[in-house]
Amino acid sequence: MTWKDKWRFVRKNMKKSKSRIFMTVLATAMGVTFLIVLASVGFGLHDSIIKEQLQDRAVTQMEIAGLETEGAFQLITDKQIEELENIEGMRAVTRRVELQQTPSFQIEDYEGSGSTVVAHFPSEIEAGLELSEGKLPENDHQVIVGHHFAQNLHQANVEPDELYNENGEIKDEYQYSESIVGKEIEMMITQMVDGEEQQHSISLTVSGVAEAPARDWMIDTTVFISEAVLAEVEEFTGTPRGARNDPDYPLPEEETLGYHQVIGYADSLEEVETISDMLKEKNYYVYSVADELSQINVIFTIAKAGLIFIGTIAIIIASIGIYNTMTMAVTERTQDIGIMKAIGAHPKKIKQIFLIESSYIGVLGAIIGTAVAYAISILVNAGIPLIISGAMGEELPEGFQFSAIPWSLVAISTAICLIVTILSGLKPARRATQVDVLKAMRREI
Amino acid sequence: MIEVKGLNQTFMLGKKHNQTKLQVLKDVSFTVEKGDIMAITGRSGSGKSTLLNLIGGFMKPSGGQIFINNQNVSEFNEGEFSDFRLQHIGFIFQNFQLITSMTAYENVELPLVLKGVPETQRNELVINTLAKVGLADYQNHYPSELSGGQQQRVSIARALIIEPPIILADEPTGSLDSETEQDVLAFIQQLNRDYGITFLIITHDEEVAQIGNKQIHLHDGKIVKEELAR
Ligand SMILES: Nc1ncnc2c1ncn2[C@@H]1O[C@H](COP(=O)(O)OP(=O)(O)OP(=O)(O)O)[C@@H](O)[C@H]1O
Ligand SMILES: [Mg+2]
Chain A
1 MTWKDKWRFV
11 RKNMKKSKSR
21 IFMTVLATAM
31 GVTFLIVLAS
41 VGFGLHDSII
51 KEQLQDRAVT
61 QMEIAGLETE
71 GAFQLITDKQ
81 IEELENIEGM
91 RAVTRRVELQ
101 QTPSFQIEDY
111 EGSGSTVVAH
121 FPSEIEAGLE
131 LSEGKLPEND
141 HQVIVGHHFA
151 QNLHQANVEP
161 DELYNENGEI
171 KDEYQYSESI
181 VGKEIEMMIT
191 QMVDGEEQQH
201 SISLTVSGVA
211 EAPARDWMID
221 TTVFISEAVL
231 AEVEEFTGTP
241 RGARNDPDYP
251 LPEEETLGYH
261 QVIGYADSLE
271 EVETISDMLK
281 EKNYYVYSVA
291 DELSQINVIF
301 TIAKAGLIFI
311 GTIAIIIASI
321 GIYNTMTMAV
331 TERTQDIGIM
341 KAIGAHPKKI
351 KQIFLIESSY
361 IGVLGAIIGT
371 AVAYAISILV
381 NAGIPLIISG
391 AMGEELPEGF
401 QFSAIPWSLV
411 AISTAICLIV
421 TILSGLKPAR
431 RATQVDVLKA
441 MRREI
Chain B
1 MIEVKGLNQT
11 FMLGKKHNQT
21 KLQVLKDVSF
31 TVEKGDIMAI
41 TGRSGSGKST
51 LLNLIGGFMK
61 PSGGQIFINN
71 QNVSEFNEGE
81 FSDFRLQHIG
91 FIFQNFQLIT
101 SMTAYENVEL
111 PLVLKGVPET
121 QRNELVINTL
131 AKVGLADYQN
141 HYPSELSGGQ
151 QQRVSIARAL
161 IIEPPIILAD
171 EPTGSLDSET
181 EQDVLAFIQQ
191 LNRDYGITFL
201 IITHDEEVAQ
211 IGNKQIHLHD
221 GKIVKEELAR
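Chains A and B supply the protein sequences, listed in that same order. So for the first sequence, the numbering used here puts the first residue at 1; every next one is plus one. So for the second sequence, the numbering used here puts the first residue at 1; every next one is plus one.
Taking lysine to any residue and the SDA-like style, the derived pairs with C-alpha atoms no more than 20 Å apart in a straight line are:
id, chain 1, residue 1, chain 2, residue 2
1, A, 15, A, 331
2, A, 351, B, 77
3, A, 348, B, 117
4, A, 6, B, 119
5, A, 12, B, 140
6, A, 4, B, 116
7, A, 6, B, 83
8, A, 6, B, 117
9, A, 12, B, 116
10, B, 60, A, 436
11, A, 348, B, 80
12, B, 21, B, 59
13, A, 18, B, 101
14, A, 16, B, 103
15, A, 439, B, 12
Computed Cβ-Cβ distance ranges for the label pairs, DEER-style:
id, chain 1, residue 1, chain 2, residue 2, range
16, A, 313, B, 59, 40 to 50 Å
17, A, 327, B, 59, 23 to 33 Å
18, A, 408, B, 145, 53 to 63 Å
19, A, 320, B, 141, 37 to 47 Å
20, B, 78, A, 20, 27 to 37 Å
21, A, 313, B, 20, 46 to 56 Å
22, B, 193, A, 26, 55 to 65 Å
23, A, 20, B, 206, 48 to 58 Å
24, A, 320, B, 29, 51 to 61 Å
For the record, the hints were derived by calculation from the structure and aren't laboratory data. For each residue, glycine too, the CB sits at the ideal point set by N, CA and C.
Here chain B stands alone, though its shape is the one from the complex (with noise of 0.2 Å):
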């Protein structure tokens, strides 16, 4: 489903005429198969975000090469992969990243218009997903009138509505007390159960991590650590 092969990132740091290389990934390789829920661990600064920025297609790496679903997504242009991640990829982010002036409702109709969907379908199914994520009551609420967990449901059911076979999550617990991260990971578990959705979560939680059949530990930019949990 996710192949990475030999991907390296540097970023250039520093004002223009003296400028420092920093490589951020070295030579990362691994796979992910259909329905896995894959855990990239690692301490602060390690790469994860970076790793996961570069499958997402939110920048271009230096080096390496990303297939998903057997198509070479780094030589994607940028218009390329937004209609990619349309169809192929939802995303949870640490700290939900929903447009403050649109309602729950609004929040997670976005891709289904951004698609072209037709009004009239568009609203059961946006109804239906709120109430998979247990929010059925919320749907006028605005970003600011709810709280963090039901935030982060209301970025799940944004990621959920287009059905993507895969899902990535940057740290999708990290602003939750742990009472709401148990029920989120629970539910991420469900979907994966139920719809055989492929997860690739970044935490630094080795509690989340075990929600994962897979597992890869980086340090410094490199896999020190790749197993199958369970």
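Pulled out of the complex, with its shape left as it was, chain A reads as follows (with noise of 0.2 Å):
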């Protein structure tokens, strides 16, 4: 009996009894949509929040805290760093210091705030650093600013009352609207000597502005100085960084200076991973995005099995009419089974052609189910933002989707819904090879 027959047999019996077997490609397809819609949620939510956490920070890069030796926090040194370089698969280290106290800035009658740091400008630049404006320092007295940095400037004289708008920010009209590149900045530190405030003015020029950061709510207002500025602020204050005398804060012991940002770039995600766990190995404290990516992936699995679990439970639920439909099936056609058998249908074709029909059941129910699946989800998808927005006034961030229907899930709910509807069939097409031919054939009589 040729495959074309088979199926030709199929389908003639699946035209007597149409009304039924919709029924039960209906509920196959409940089941499949079910299935596919609940994991959806864990699968969308999932790659939401990896994006979350990917947008913001470089996915190769990790924060190298600090070493544990001999039971003691320390910051990182130069000796370490020497060591970090050398990693295979490390492309770069960059290393920061930062000053002590925040001084403030002042151009012309403009002045602000920044927070100041050291930098190592070759790993800066091998970690990928890049200027919207301006070039790297080429004197001492050369600076990078943050790309923010400019916008923070305001007029002196102000008022806080007035300068700031009902969103905290400085008001347009008191910005510093030009471009600060090639301009002459006063950094002001400050020192208390036998308490009475002293002040310090460095000139600094800005070289250049670096690219604003990958989030747009982030600000950076960095200053970037050099080792001999910092070795100028640290002559007038006569402390290590630039610190002030605060009774408050007592000064770091001199052994325990080391940088206060240290940045390893990995070449790739996966040398992330081996790298810090080499560095761990090593009682330096590591934390990457791998870290937290894989806890996420862990808790994530867990979930979307868990729902795929239930979903499956749907179809096994429609399987129980994929049951009914076949027995009911196999009852009707017992004398036309008799028949065939007399005239020589060996009892496996008999059992294909109910085969057949059980699984194209499942196929059907697996693509309608599916095609659904995905209405729903891009309705969810347009639906809920706007749900949440409406109801408690918060936006979703960006591209977030609640559901998300990989080929993964579609091969995964197609596979459950393809092994649930043949188990379901063996039984009634295991029937039909045992109809009896005699007692099938006097059953008219």
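Can you join these two chains into the complex? Each is in its own frame, and there are hints to help.
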């Protein structure tokens, strides 16, 4: 018997009980839709959260906070930097030292403040620092400023009440509006000497402005100064890193001095994991996006498996319908089956015909169910942000999706649907092969 | 062609704990040669249908052996017997056993479909076979739209289409009036003459038995008379 003929048999049989088959396919499709839509929420939220995680940080980046030596925490120093830079797969290691006070900066009659750091430019460049304007410093008194440094400058003689608008931002009319590149700025540092505040001013020239940070809500007002300028500051304050003599904050001891912020950049996300594992082994305090991602991945994988399991129950319920439909089909066709067997139909062929029929119901259910699930998913993704912004007045982050249907989910649900439908069709199909020829033929008499 | 050796058939009757044995066939042995028309006669309940059902493979004998074409078919399993039937045996039943949801054409085509004959070759064969039984104009009629004699001719066409060496017939004229009966019998004789098909025909009608060249008479499951007619 050719497959074409078997198929013809199946189609003919299904046509005879159209409404019954329709209801069974409907139930199966509903089960598949339920499974996919349910699990798609897990997939969608997972994707969205991963996207959130990756948006503001480079994936290949790992923060190296310090090192544990003989049970004590220690900041990273040049000795470790050398070791870190020699690790295979490590593209760059940036290190920054923060000035221990926040100086104010003045240009003409504008002023503002910003955290001030000493950075190692060759490694920053390799790590991907880009300038939106200007160029890198060529001498010790040239500086790079953060993208928002200029915007943060305001007219010096304005009352604070007048200066800010209702959102806490500096009003446009008081903002510094020209390009800052090439301009000379004064860095004002202070120190308490015998209970009196002393001021010192250092002239610097802005040679370039850094590219804006990845996320549009992040504000970067950092000023990158050179080692030489730091030395000048330290000379004035008489303390390491320009710290003020604050009785509440004792000065750090010389030995613990090190870099405040050390970031390693790996060549790829995969390397991040190996490098950070290796560093952890060597008692470094390492933190990378990969750590967080693997935790998130574990949680979501469990959640997705749970949702798929619950969805599978819906398909199993639908399979009861398939079982009933197929059992009825076998009972109805007992006489035909008997005649076919009498003529010489091999039991295997009869079994196949019924299995094709139940699988076909499963395939139809899977196709229709998947199509409907896609439609629902699109509606949910379009509708949920509207509902949330309407009901709670909150905006979801851009690109946030509640429900996602990747191909893997379609494949999983189709596989589950087919397995379940074939299993539920097995018993009726076996029953068809067991039809007794003589009993079946005697019926009509 | 067909050799039956020491065939016994026993049925268990009644409920599980109170079963009685009923021996329907007792040590039945006979031989059918190629080209024979063998008539099996006997009273109702004498075991004629049981004998034919055993030869056709619809049930397994309790004892004894059946050889068809020198193959011990009593050892076949269900699947093997299906394939064997499809190649070697055509059936004609008293109540035709046509599939009611199929047209005459489709019923006759069925054995070819089961055999896996490609669609393109089937059409000519079916039309020719229907023409042979005089039903060329009735291809698209459903069994319910045909007379008893026409239905029996469809079932004969269905048996013929695989060109079997053997046709087993259980009361082929039992549901027909005497005039149609004559047509069908004449047709059986013609097939036997023209194609050398071996027939095994059950009947309780002496007139029908007359078309056979051999006859066995069953009584209470035993062959009581075996004769060469004419
Ligand atoms: N499946 C069965 N189970 C139990 N007993 C059976 C079965 N089939 C037949 N019998 C018994 O075997 C005996 C012979 O039956 P069989 O059908 O062979 O008779 P027959 O000669 O064909 O009669 P008829 O001319 O009425 O068709 C009967 O007594 C019947 O009750
Ligand atoms: Mg009988």
